Amino acid sequence: MGLAKFNRKGIIFMGTPDLEEIAIFLGEEDLIAVSAFNKGPTVEKGIKSMIYLLREMEMPLLVLPDGHPTSHRLPLVVSCGEMVRLDCQIQAGTHPEQDILCACNDLSGIEIMATACGVEINRNRIDWKKEKL
Amino acid sequence: MADIKMKKLKTKKYRCLDCENEFKGMGRRIICPSCQSDNVVEI
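Going down the list, the sequences are from chains A and B. Quick note: the first sequence uses the working numbering, first residue 1, plus one each step. Quick note: the second sequence uses the working numbering, first residue 1, plus one each step.
Hints listed in this document are in silico derivations from the structure and should not be mistaken for laboratory results. Incorrect hints may appear among the rest.
List of simulated lysine to aspartate or glutamate pairs, EDC-like, C-alpha gap at most 16 Å [claimed, not checked]:
#, chain 1, residue 1, chain 2, residue 2
1, B, Lys10, B, Asp38
2, B, Lys24, A, Glu21
3, B, Lys24, B, Glu42
4, A, Lys39, A, Asp127
5, A, Lys130, A, Glu120
6, A, Lys9, A, Glu58
7, A, Lys9, A, Glu21
8, B, Lys10, A, Glu97
9, B, Lys12, A, Glu21
10, B, Lys10, B, Glu42
11, A, Lys5, A, Glu58
12, B, Lys24, A, Glu97
13, B, Lys12, A, Glu97
14, B, Lys24, B, Asp38
15, B, Lys12, A, Glu120
16, A, Lys9, A, Glu82
17, B, Lys13, A, Glu20
18, B, Lys24, A, Glu20
19, B, Lys24, A, Asp18
20, A, Lys5, A, Glu28
21, B, Lys10, A, Asp99
22, B, Lys12, B, Glu22
23, A, Lys9, B, Asp38
24, A, Lys129, A, Glu44
25, B, Lys13, B, Asp38
26, B, Lys10, A, Glu20
27, A, Lys5, A, Asp99
28, B, Lys10, A, Glu21
29, A, Lys132, A, Glu56
30, B, Lys13, A, Glu21
31, A, Lys9, A, Glu56
32, A, Lys48, A, Glu58
33, B, Lys10, A, Glu82
34, A, Lys5, A, Glu56
35, B, Lys12, B, Glu42
36, A, Lys5, A, Glu21
No experiment lies behind these values; they were computed from the predicted model shown.
Using the sequences and the accompanying hints, generate a full structural model.
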């Protein structure tokens, strides 16, 4: 998965299956979390591209209806806000809640909280790397 | 997949007092998505 600060004040819109549009108001310290269901250089490029689309181009989020057949084809899912909880027991792309994000078994249970100068994660042993976008 | 039962999405409805736009939102810094005014009230 990839994690970035929103790094400015702005809005990301979310379209839901019940035809609602919800404005997610974000600040500099808030998070964009992108969860991928594979790994490798191509996936990492995809994560960075998704962060770029959300942060720089204000691309809206789209939520699929519960049980949608295309859910299992999503290579990436996204969550934006001050806190993200990773969970392997949800169906990818069908949940509008921004504090929970579909993830693999290894990452399930991780909670990431935005802080003024970084993030707090409720787990010590995580392999991670830091890159400039 | 055993989908967990989710709580209802925590959104609030707002009205912009400058342009009368009504919108649903969540987050800490609420402004009108239409005119960018922060002169908004929860309804």
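To see whether the hints hold, each was checked on the structure:
About 20 Å separates the Cα atoms of Lys10 (chain B) and Asp38 (chain B), which puts this hinted pair outside 16 Å; it is violated. A C-alpha spacing of about 7 Å is found between Lys24 (chain B) and Glu21 (chain A), which places the hinted pair at or below 16 Å, so the restraint holds. Proposed proximity of Lys24 (chain B) and Glu42 (chain B) is supported: the alpha carbons are some 9 Å apart, at most 16 Å. Between Lys39 (chain A) and Asp127 (chain A) the alpha-carbon distance is near 13 Å, which keeps this suggested pair within the 16 Å criterion.
Annotation: proposed proximity of Lys130 (chain A) to Glu120 (chain A) holds, straight-line Cα distance about 15 Å (limit 16 Å). A distance of roughly 12 Å separates the Cα atoms of Lys9 (chain A) and Glu58 (chain A); the hinted pair therefore holds under the 16 Å criterion. Pair hint Lys9 (chain A) plus Glu21 (chain A) does not hold up; C-alpha atoms about 19 Å apart against a cutoff of 16 Å. Only pairs whose Cα atoms come within 16 Å are accepted, and Lys10 (chain B) paired with Glu97 (chain A) is accepted, the gap being roughly 8 Å.
The straight-line distance between the Cα atoms of Lys12 (chain B) and Glu21 (chain A) is roughly 12 Å, inside the 16 Å bound, and the hint therefore holds. Only pairs whose Cα atoms come within 16 Å are accepted, and Lys10 (chain B) paired with Glu42 (chain B) is accepted, the gap being roughly 13 Å. Annotation: proposed proximity of Lys5 (chain A) to Glu58 (chain A) holds, straight-line Cα distance about 14 Å (limit 16 Å). Straight-line distance between C-alpha atoms of Lys24 (chain B) and Glu97 (chain A) comes to about 14 Å, which keeps the hinted pair within the 16 Å bound.
The hinted pair formed by Lys12 (chain B) and Glu97 (chain A) meets the criterion: a straight-line CA distance of about 14 Å does not exceed 16 Å. Pair hint Lys24 (chain B) plus Asp38 (chain B) holds up; C-alpha atoms about 14 Å apart against a cutoff of 16 Å. Between Lys12 (chain B) and Glu120 (chain A), the direct Cα distance comes to roughly 27 Å. Violation of the 16 Å bound is thereby established for this hinted pair. Distance check on the hinted pair: Lys9 (chain A) and Glu82 (chain A) sit about 13 Å apart at the alpha-carbon level, within 16 Å; holds.
Our distance criterion of 16 Å between C-alpha atoms is met by Lys13 (chain B) and Glu20 (chain A), whose separation comes to about 12 Å. Taken as a hint, the Lys24 (chain B) and Glu20 (chain A) pair is honoured in the structure, with Cα atoms around 8 Å apart against an allowance of 16 Å. Restraint check for Lys24 (chain B) and Asp18 (chain A): satisfied, since their Cα atoms lie roughly 13 Å apart, inside the 16 Å limit. Proximity of Lys5 (chain A) to Glu28 (chain A) is assessed by CA-CA distance (about 7 Å); at most 16 Å being required, the pair is judged to hold.
Restraint check for Lys10 (chain B) and Asp99 (chain A): satisfied, since their Cα atoms lie roughly 10 Å apart, inside the 16 Å limit. As the CA atoms of Lys12 (chain B) and Glu22 (chain B) are separated by approximately 11 Å, the hinted pair is consistent with the 16 Å bound. Proximity of Lys9 (chain A) to Asp38 (chain B) is assessed by CA-CA distance (about 13 Å); at most 16 Å being required, the pair is judged to hold. With a C-alpha separation of about 11 Å, the suggested pair Lys129 (chain A) and Glu44 (chain A) falls inside the 16 Å cut-off, and the hint holds.
Using a Cα cut-off of 16 Å, the hinted pair Lys13 (chain B) and Asp38 (chain B) holds, with the two alpha carbons roughly 14 Å apart. For the proposed pair Lys10 (chain B) and Glu20 (chain A), the alpha carbon gap of about 13 Å is at most 16 Å, so the pair holds. Pair hint Lys5 (chain A) plus Asp99 (chain A) holds up; C-alpha atoms about 15 Å apart against a cutoff of 16 Å. Between Lys10 (chain B) and Glu21 (chain A), the direct Cα distance comes to roughly 13 Å. Compliance with the 16 Å bound is thereby established for this hinted pair.
This hinted pair checks out: Lys132 (chain A) and Glu56 (chain A) have alpha carbons roughly 15 Å apart, not beyond 16 Å. Proximity of Lys13 (chain B) to Glu21 (chain A) is assessed by CA-CA distance (about 11 Å); at most 16 Å being required, the pair is judged to hold. Restraint check for Lys9 (chain A) and Glu56 (chain A): the C-alpha separation of about 12 Å stays at or below 16 Å, so the hint holds. Between Lys48 (chain A) and Glu58 (chain A), the direct Cα distance comes to roughly 14 Å. Compliance with the 16 Å bound is thereby established for this hinted pair.
Among the hinted pairs, Lys10 (chain B) with Glu82 (chain A) is consistent with the structure: their alpha-carbon atoms are about 14 Å apart, no more than 16 Å. A C-alpha spacing of about 12 Å is found between Lys5 (chain A) and Glu56 (chain A), which places the hinted pair at or below 16 Å, so the restraint holds. Proposed proximity of Lys12 (chain B) and Glu42 (chain B) is supported: the alpha carbons are some 7 Å apart, at most 16 Å. Distance check on the hinted pair: Lys5 (chain A) and Glu21 (chain A) sit about 23 Å apart at the alpha-carbon level, beyond 16 Å; violated.
When held up to the earlier numbered hints, the structure conflicts with 1, 7, 15, 36 and fits the remainder.
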